[in-house]
Structure formats: C-alpha cells, structure tokens
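Participant: Each chain is listed here by its residues.
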Amino acid sequence: MIQLQKVTKVYGNGVIALNNINISIEKGEFVFLVGASGAGKTTFMKLVNRRELATEGGVFVGRKNLSQMKESEIPIFRRNIGTVFQDYKLLPNKTVFENVAFALEVIEASKRDILRQVPAVLDLVGLKDKARVFPLQLSGGEQQRVSLARAIVNRPLVLLADEPTGNLDPDTSWGIMDLLLEINKRGTTVIMATHNKSVVDRMRKRVIALDSGVVARDEQKGAYES
Amino acid sequence: MKIKTAGYFMKEASTGLSRNGLMSLAAVITISLSLIILGCFYIVVTNFNHFAQMAKGVLELRVYLDDGVDPNPLKAKIVELDGVKSVRYVSREDGAKWLEQSLGVKELFVTSDNPLPDMINIKLKDDAKVKSLVAQVSSLAGVDEVEYGKTFVEAMLVVVRIVWVLGFSLVLIIGIVVLYIITNTIRLTVFARRKEIEIMKLVGATDWFIRWPFMLEGIILGLSGALISAIILSKGYHFLFQYIHQLAPFIPLLGEGIINQKMFMLISLVGLAFGAIGSMMSIKKFLRV
Chain A
25 MIQLQKVTKV YGNGVIALNN INISIEKGEF VFLVGASGAG KTTFMKLVNR RELATEGGVF
85 VGRKNLSQMK ESEIPIFRRN IGTVFQDYKL LPNKTVFENV AFALEVIEAS KRDILRQVPA
145 VLDLVGLKDK ARVFPLQLSG GEQQRVSLAR AIVNRPLVLL ADEPTGNLDP DTSWGIMDLL
205 LEINKRGTTV IMATHNKSVV DRMRKRVIAL DSGVVARDEQ KGAYES
Chain B
4 MKIKTAGYFM KEASTGLSRN GLMSLAAVIT ISLSLIILGC FYIVVTNFNH FAQMAKGVLE
64 LRVYLDDGVD PNPLKAKIVE LDGVKSVRYV SREDGAKWLE QSLGVKELFV TSDNPLPDMI
124 NIKLKDDAKV KSLVAQVSSL AGVDEVEYGK TFVEAMLVVV RIVWVLGFSL VLIIGIVVLY
184 IITNTIRLTV FARRKEIEIM KLVGATDWFI RWPFMLEGII LGLSGALISA IILSKGYHFL
244 FQYIHQLAPF IPLLGEGIIN QKMFMLISLV GLAFGAIGSM MSIKKFLRV
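Note that the protein sequences, when read in sequence, are chains A and B.
Numbering-wise (the working numbering), the first sequence opens with residue 25 and increments by one.
Numbering-wise (the working numbering), the second sequence opens with residue 4 and increments by one.
These are calculated hints, taken from the structure and not from any lab test.
Errors might be hidden in some of the hints.
Calculated pairs, BS3-like style, for lysine-lysine (alpha carbon to alpha carbon, straight line, at most 25 Å) [what the hints assert, rightly or not]: (1) B/K78 to A/K70; (2) B/K100 to A/K113; (3) B/K198 to A/K118; (4) B/K198 to A/K154; (5) A/K113 to B/K78; (6) B/K14 to B/K78; (7) B/K80 to B/K14; (8) A/K135 to B/K80; (9) A/K118 to B/K80; (10) A/K135 to A/K113; (11) B/K80 to A/K94; (12) B/K14 to A/K113; (13) A/K70 to A/K88; (14) B/K132 to A/K94; (15) A/K70 to B/K198; (16) A/K135 to B/K78; (17) B/K78 to A/K118; (18) A/K118 to A/K152; (19) A/K51 to A/K70; (20) A/K209 to A/K30; (21) B/K288 to A/K135; (22) B/K288 to B/K14; (23) A/K135 to A/K88; (24) A/K209 to A/K221.
Selected chain B positions facing chain A (in silico; Cβ < 8 Å) [unchecked claim]: (25) L169; (26) L205; (27) A208.
Listed next, the stretches of chain A that the computed footprint assigns to chain B, with coverage defined by at least 3 CB atoms under 8 Å from CB atoms of chain B [what the hints assert, rightly or not]: (28) 52-58; (29) 141-148.
We treat Cβ as the ideally placed atom computed from N, Cα and C, and that holds for glycine.
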C-alpha cells in the first residue's frame with residue numbers, strides 16, 4: 025500500500041530529515057510512528073501525502089510513484105489520503121457541519137452526497153448533536169473529533185494523524201484512539217505519529233521508531249521504547 | 004464547471020470584497036484614476052494619429068522631371084511603389100494653364116518660354132512611408148526633384164512618435180501601479196483565508212477551484228475601476244469635443260462614438276487582465292501546499 029524505498033529527504037537549508045529509509049506498510053495496517061522531535065515523523069507524513077518530494081528514492085502509495093506524479097494529479101490523489109493534525113486546523117467561522125461538509129464541497133461533491141455523508145460521519149465521531157455549533161464552542165477532544173470526521177468523510181484509503189492526541193488529556197485521548205481503531209477496522213490504513221507513550225504501549229500495534237532520519241526499530245505489536 | 008460551483012465562487016468573491024470593504028473601495032478608486040490617465044493618453048494618441056493620417060491623405064508628392072523625359076515609363080514605375088495611391092501626369096503646358104487660371108492671367112508665357120517643368124503628381128496611401136518613398140522616387144532616372152509638404156508631415160510624425168514613446172512608458176508605469184494595488188488588495192483576502200486554502204489543498208481541491216474566487220474578486224475590482232473611469236472619460240471627452248468644436252471647428256477631432264467604443268474596450272480589457280493577473284500573483288505562494 026505504502027512503500028518508501030531508499031528514501032532520503034534533504035531540505036533546502038541542508039537539514040537531512042530522512043536518510044535512506046525503507047518502509048513498507050500494508051493495506052489496513054495501524055502503524056505508530058515514534059521518535060524524538062526532529063526525528064523525521066512529520067517529513068514521513070508529508071512525503072506520503074505529497075506535500076514534499078523525496079530528494080532521493082521512491083515513495084509509492086497504491087501503485088503511484090509520487091515522484092513522477094504530475095502537479096495536476098495531486099488533488100485527485102489527495103482525496104484518498106485523510107489528514108489530522110495536532111492543532112485540528114478547523115475553520116472557526118464555519119459550524120461543525122460546515123467544516124466537515126467543506127471537505128466534500130471543495131471536491132465538488134453533490135449536495136445529496138453531502139447531506140448523506142456528513143451526518144453519518146458526525147454520528148460516527150459522536151457529534152451528531154453539535155452539528156450547528158462553532159468549533160471554538162467545543163472542547164479540544166471534540167474539535168479533534170470534528171477534524172477526524174473531516175478527514176474520513178470522503179472515505180480515504182489512508183489516514184495520516186500527526187500527533188492527534190498531542191493537545192488532549194489522557195481520557196480524551198483514549199476517545200480519539202477508539203475512533204481511530206474504529207476507522208481502521210473499516211479498512212482505512214492508519215499512520216499515527218505520536219509522543220504518547222501510554223497509548224502506544226497499551227495498543228500493541230506496529231511501531232516504527234525514527235531516530236535522526238533513520239529507522240531505528242520496526243516492530244509488530246511494539247512498544248514506545250524497546 | 005457546475006452551476007452550484009459558480010455560485011460558490013461568486014459568494015466567496017463577494018465575501019472577500021465586503022470583508023475588505025475599505026481596501027476594495029480604495030483599490031477601485033486608484034484603478035479608476037490609473038485607467039483615466041491611460042484613457043487620456045489613448046485619446047491624445049488616437050487624435051494625433053488621426054491628424055497625421057489626414058495630413059498624409061491630402062499630401063501629394065510633386066515630382067519634377069528632366070526636360071524631354073517620356074513620362075509614361077516613369078508613371079508605370081512610380082505607381083508600382085509601396086504607399087502610392089495614384090499618379091497623374093501634368094505636362095508643362097497643363098501646368099501653365101493651371102497657373103494662368105489660378106492667377107487669373109491669360110497667356111502668361113506668350114512673350115517668354117514656358118519655364119515650368121513637366122511634373123508627375125503622386126497621391127499617397129494612408130500608411131505610406133513618406134521619407135523612403137521620396138528617396139526611391141528621387142533616385143529614378145529622369146527625375147529632377149521631388150517636393151512635398153516636408154516640414155509639416157515630418158513634425159507631425161515626430162510628434163506621433165514622441166507621444167507613442169511617452170504613452171507607452173506611461174502605460175507601463177500605470178500597469179505596474181494597477182497590478183501592485185490589485186495584488187495587495189487580494190493578498191489581504193488570501194491571507195485571511197490561508198488556513199482555508201491549506202485545508203482545501205489537503206482534502207484535494209484543485210488549484211483552479213481555489214483560485215477562482217480570488218480571480219473573480221480581482222476581476223470585479225478591475226472592471227469596476229474600468230467602468231468608473233469609462234464614465235468619467237466619456238463625459239470628459241464630450242465636454243472637450245464641444246469646447247474645441249466651438250472654439251476651433253477646423254481641428255478634426257475624432258467623433259465621440261469611435262473614441263468611446265474603443266476606449267471602453269481598451270480600459271475594460273486592461274482592468275480585466277490586470278485584475279486576473281494580480282490575483283493570480285497574490286495567491287501563487289499560498290498554493291504551494
């Protein structure tokens with residue numbers, strides 16, 4: 025599903041974010057990306073949704089070689105990749121419903137699809153009753169749920185979650201993790217970058233540890249630390 | 004593009020305009036002023052061009068021939084030249100008759116020999132290159148001298164050229180100013196919505212889908228400026244036309260209809276193009292997500 029073959033990423037300022045890494049992730053997997061800040065987790069995410077291009081090596085998602093992808097193909101490709109951030113990136117002047125619907129509107133989905141899919145996904149994340157509320161009236165956990173709903177409303181093949189529990193207290197974090205597991209069960213490949221030790225240790229999923237741009241450890245049913 | 008999508012673009016564009024209401028108004032006023040300067044330049048240039056063309060239209064080259072030259076082969080050669088509308092041969096006898104008529108004297112050259120040379124009159128086309136034509140005709144065998152209203156036409160051509168150069172520089176400067184204003188106004192909207200743009204990019208909106216509302220905003224600014232300046236310019240030209248017509252009716256100003264139509268097209272096109280280009284420029288950086 026996702027393959028990084030001998031991938032090196034060097035930024036314009038000379039920083040080597042990833043150094044000759046090989047990673048292969050199968051369809052339907054749940055993967056934790058761990059490592060200190062600056063280890064290369066975010067760069068990994070950015071390579072997978074084609075926000076950045078590898079300096080060397082090949083990044084493949086599905087059967088697509090992202091290095092050879094034309095600019096005009098990127099939008100269509102990204103419709104298969106959902107993204108969740110630590111800071112939620114919600115639009116404060118739109119309601120919960122509008123925030124989620126926005127992801128469908130901008131890819132010119134029909135009104136019928138929007139009216140069918142948005143309530144369904146809000147139901148899944150447990151925010152059906154808050155559809156008309158604005159993001160700033162919600163708690164952090166609820167805002168992250170909205171962000172999750174927006175990421176999966178288009179039924180992506182892959183969900184990238186960059187520290188989704190980074191701003192949340194432990195209880196709320198577990199709520200988000202349950203949701204991610206649920207999304208994963210429905211067939212979406214989930215890649216989550218995190219510093220949350222307790223979550224990683226308790227879930228016992230595949231763990232890829234990055235250290236200074238190289239893969240330090242890649243374990244099935246792994247823990248935060250070796 | 005779906006109708007729903009077009010509606011979305013219009014809604015977003017008008018939101019952008021009203022959100023930066025004051026800045027948008029300032030932009031429209033500045034664009035109007037810039038386009039008024041452009042329009043004034045257009046009026047001056049087209050009128051000068053018109054004078055020059057009219058001057059050329061009534062202009063004749065008088066080609067004096069050497070004594071005893073057969074005019075027919077020369078006529079044939081001259082009529083082939085670029086820029087020549089028609090030629091007419093005037094023999095020395097015809098010349099004398101014309102002179103007698105215009106002076107009101109009979110038998111002017113009875114006591115002396117007729118000193119007039121044979122002559123060929125050349126009528127020029129509007130786009131004739133006078134100088135090179137004179138050089139070409141002068142070099143023909145059998146031609147003694149070529150005469151024409153040199154100073155007036157040359158002065159006119161120089162004026163037209165100067166006005167062109169000045170005008171072109173002016174248009175360039177105005178272009179940059181208009182572009183700068185539009186780019187900065189749209190950039191405010193783009194900046195206010197940079198988070199939205201980032202999300203749009205991440206969920207797979209195409210660049211054109213993201214660009215359109217901003218393009219529309221720029222085009223609306225540009226065209227509004229064009230409309231205001233067109234109204235002011237046409238009123239202004241009307242006033243000028245009446246004034247000059249009364250003061251100096253012999254000055255052949257171009258009609259209001261011709262001026263208004265072409266000027267409106269010109270400044271609308273400039274407004275539209277700069278509006279679109281300006282907004283493209285301001286959003287470019289934010290599309291790199």
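Participant: Determine for every hint whether it applies to the structure shown.
Facilitator: Here is what the structure says about each hint:
With a C-alpha separation of about 80 Å, the suggested pair B/K78 and A/K70 falls outside the 25 Å cut-off, and the hint is violated. Pair hint B/K100 plus A/K113 does not hold up; C-alpha atoms about 96 Å apart against a cutoff of 25 Å. Of the pairs offered as hints, the one joining B/K198 and A/K118 holds, with about 13 Å between alpha carbons and a cut-off of 25 Å not exceeded. Straight-line distance between C-alpha atoms of B/K198 and A/K154 comes to about 23 Å, which keeps the hinted pair within the 25 Å bound.
For the given pair, A/K113 sits about 84 Å from B/K78 by alpha-carbon distance, which is inconsistent with the 25 Å threshold. With a C-alpha separation of about 70 Å, the suggested pair B/K14 and B/K78 falls outside the 25 Å cut-off, and the hint is violated. The suggested pairing of B/K80 with B/K14 is violated, with an alpha-carbon distance near 68 Å, which exceeds 25 Å. Proposed proximity of A/K135 and B/K80 is contradicted: the alpha carbons are some 77 Å apart, above 25 Å.
Between A/K118 and B/K80 the alpha-carbon distance is near 80 Å, which puts this suggested pair outside the 25 Å criterion. For the proposed pair A/K135 and A/K113, the alpha carbon gap of about 24 Å is at most 25 Å, so the pair holds. A distance of roughly 63 Å separates the Cα atoms of B/K80 and A/K94; the hinted pair therefore is violated under the 25 Å criterion. Between the alpha carbons of B/K14 and A/K113 the distance comes to roughly 23 Å, so the proposed pair stays at or under 25 Å and holds.
Between the alpha carbons of A/K70 and A/K88 the distance comes to roughly 16 Å, so the proposed pair stays at or under 25 Å and holds. Taken as a hint, the B/K132 and A/K94 pair is broken in the structure, with Cα atoms around 53 Å apart against an allowance of 25 Å. Distance hint between A/K70 and B/K198 is fulfilled; the C-alpha atoms sit about 17 Å from each other, no more than 25 Å. Distance restraint check for A/K135 and B/K78: the Cα-Cα separation of roughly 79 Å exceeds the 25 Å cut-off, and the hinted pair is therefore not satisfied.
Distance check on the hinted pair: B/K78 and A/K118 sit about 83 Å apart at the alpha-carbon level, beyond 25 Å; violated. With a C-alpha separation of about 16 Å, the suggested pairing of A/K118 with A/K152 holds against the 25 Å cut-off. The suggested pairing of A/K51 with A/K70 holds, with an alpha-carbon distance near 19 Å, which does not exceed 25 Å. A threshold of 25 Å between alpha carbons decides the hint, and for A/K209 with A/K30 the separation of about 30 Å lies outside it, so the pair is violated.
For the given pair, B/K288 sits about 31 Å from A/K135 by alpha-carbon distance, which is inconsistent with the 25 Å threshold. Between the alpha carbons of B/K288 and B/K14 the distance comes to roughly 23 Å, so the proposed pair stays at or under 25 Å and holds. For the proposed pair A/K135 and A/K88, the alpha carbon gap of about 30 Å is over 25 Å, so the pair is violated. Straight-line distance between C-alpha atoms of A/K209 and A/K221 comes to about 22 Å, which keeps the hinted pair within the 25 Å bound.
The closest approach between the C-beta of B/L169 and any C-beta of chain A is roughly 42 Å, which is over the 8 Å cut-off, so the hint fails. Among the interface hints, the one on B/L205 holds; its C-beta lies about 5 Å from the nearest C-beta in chain A, closer than the 8 Å criterion. For B/A208, the interface hint holds, since its Cβ comes within 8 Å of a Cβ in chain A; the closest pair sits about 4 Å apart. Counting residues of the stretch 52-58 of chain A whose CB lies closer than 8 Å to any CB of chain B gives 0, so the stated coverage by that chain is violated, three being the minimum.
Figure legend: the stretch 141-148 of chain A, annotated as covered by chain B; annotation inconsistent (0 residues with Cβ-Cβ distances under 8 Å, at least 3 required).
When each numbered hint is compared with the structure, violations occur for hints 1, 2, 5, 6, 7, 8, 9, 11, 14, 16, 17, 20, 21, 23, 25, 28, 29.
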